[in-house]
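Going line by line, the protein sequences match chains A and B. Position 36 of the first sequence, counted from 1, bears residue number 42 in the numbering used here, the numbering being contiguous throughout. Position 85 of the second sequence, counted from 1, bears residue number 98 in the numbering used here, the numbering being contiguous throughout.
Heads up, some of the hints might be wrong.
[Unchecked claim] Label-pair restraints from in silico Cβ distances:
| # | chain 1 | residue 1 | chain 2 | residue 2 | range |
| --- | --- | --- | --- | --- | --- |
| 1 | B | 97 | A | 311 | 27 to 37 Å |
| 2 | A | 98 | B | 87 | 58 to 68 Å |
| 3 | B | 101 | A | 253 | 19 to 29 Å |
| 4 | A | 246 | B | 121 | 18 to 28 Å |
[Unchecked claim] Distance condition first, Cα-Cα at most 27 Å in a straight line; then the derived DSSO-like pairs of lysine-lysine:
| # | chain 1 | residue 1 | chain 2 | residue 2 |
| --- | --- | --- | --- | --- |
| 5 | B | 117 | B | 71 |
| 6 | A | 303 | A | 40 |
| 7 | B | 71 | A | 143 |
| 8 | A | 233 | B | 71 |
| 9 | A | 206 | B | 26 |
| 10 | B | 26 | B | 80 |
| 11 | B | 71 | B | 125 |
| 12 | A | 206 | A | 227 |
[Claimed, not checked] Not close to chain B: a few residues of chain A, all C-beta gaps over 10 Å, as computed:
| # | residue |
| --- | --- |
| 13 | 126 |
| 14 | 166 |
| 15 | 170 |
| 16 | 180 |
Keep in mind the hints are simulated off the structure, nothing from the lab. Backbone N, C-alpha and C fix where the C-beta goes; we use that ideal spot for every residue, glycine too.
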Amino acid sequence: MSRLGELLDRGNELIITGEAPVIDGGTLADYEAKLQELAPWCDAMNATDNTAAHAHASNVAMAIAMQRVGVEPILQVVCRDKNRIAQQADIMGAALHGVENICCLTGDDVTAGDESEARRVFDLDGPQLIRLANSLKEGRYLSGRSVGTPPPLVIGAVENPGTHPLDYRAQRAAKKILAGARFLQLQICYHPDRLEGFVKALHENGFTEKCAILPSVVAVKGAGPLKFMNNAVPGIDVPADVISRVADAETPADEAYQLVLEQCQHALSLPGVRGLHLTDFRKDGSMARLCNDLGIKPRTEREQHAHDRIVAV
Amino acid sequence: MGLISAIEHVIKKPIWDCQMCGQCVLHDTGMTCPMTCPKTLRNGPCGGVRENGHCEVKPEMRCVWVKAEERSRTLPLMPEAWREHFNNLRPPVDNRLKGDSSWKNAMSGRDKETPPGWTPEPEAPEAEVEA
């Protein structure tokens with residue numbers, strides 16, 4: 007079973023996932039080097055599926071590449087580019103290579119990318135894709151045809167706690183959990199009150215026992231990327247005071263670091279939050295610093311610690 | 014297009030901008046057609062809703078699902094069951110039914126048929142989330 011699956015089964019330890027950098031060319035060795043900033047801290051990393059509607063090396067190829075360099079992948083599957091037949095083929099194809107973790111997304115629209123003239127697919131939506139992955143896990147394609155030996159999939163999804171309709175977002179998350187999502191990676195949210203309300207609604211209704219909630223944080227170097235997210239990424243609102251806090255600071259890079267550190271501390275303080283999903287746009291060694299400041303040990307140490315405890319029992 | 018489909022189209026197009034998917038779920042979605050969502054999502058809003066409640070794809074348009082969610086709570090004279098159905102997991106669209114009359118398919122039960130490998134939720138939604 008995947009490490010992520012084991013952690014979900016054990017039900018109490020911290021889970022750290024990360025966004026792996028996209029692949030556009032080069033060799034496996036180049037990619038291995040790129041992963042090193044974040045990989046040592048993560049239990050598993052997302053093999054992304056054409057992020058923000060930009061073409062890159064495919065999700066399945068990326069997941070296999072990650073496995074080959076010793077990083078546990080989470081296969082992202084989005085609904086924008088492929089119909090249900092191709093999505094099933096991707097999940098089964100990745101499973102053939104031992105990829106068990108799946109993250110089901112509706113996905114950004116084609117207009118978010120650099121080929122807006124492309125046809126959008128959206129044959130399924132996010133919640134339907136979760137059920138589809140469950141069907142495969144239970145041993146059959148959507149048609150009812152047997153898959154033979156069912157792949158031991160660990161199925162998750164995403165949700166955005168920070169956008170409208172705000173009071174409904176936890177219900178949508180609950181729908182995904184009921185459909186079979188065992189972990190939810192949340193969209194980055196610059197409104198702590200919204201994140202709090204979202205997690206509280208799930209926690210008070212018992213959903214956080216069934217599903218690991220992993221809020222996202224994005225480490226940036228200055229106010230530029232914050233402004234970009236606010237202006238160009240639908241669904242992310244960065245309040246003006248957050249942007250000016252970083253923009254007007256004496257050293258914006260330090261202030262941006264403080265911001266992400268505070269976001270992590272806040273998220274981890276919320277009852278019902280199981281861990282974090284990390285994205286690194288700084289690429290200056292900040293991930294190690296961040297995890298140190300948060301008291302998060304590298305994956306191998308956490309693994310060893312858990313192993314020792316199990317042996318002791 | 015048969016006579017029934019034509020009549021249905023004439024009535025539902027002006028009121029709901031009906032896209033004739035042939036498997037109508039209007040009553041479960043706050044009397045708001047999910048097929049007018051640019052991503053044709055049947056199970057709620059995507060994560061790209063803008064801060065003003067508008068659509069990721071068409072910034073000038075209010076998100077179909079923001080509208081649907083609001084209407085499912087506030088529309089008068091709607092049976093309680095329809096409001097409760099809002100959170101149901103709706104199955105994938107059967108693309109063969111496009112252009113058909115959903116009235117006809119509702120009468121025959123054809124619109125409730127799902128692929129053999131599709132199972133509804135593994136457990137009944139016992140807990141509603143109070144936001």
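Looking back at the hints listed earlier, which ones does the structure fail to meet? Checked against the structure, the hints that fail are numbers 1, 2, 3, 4, 5, 7, 9, 11, 12, 13, 14, 15, 16, while the rest are satisfied.
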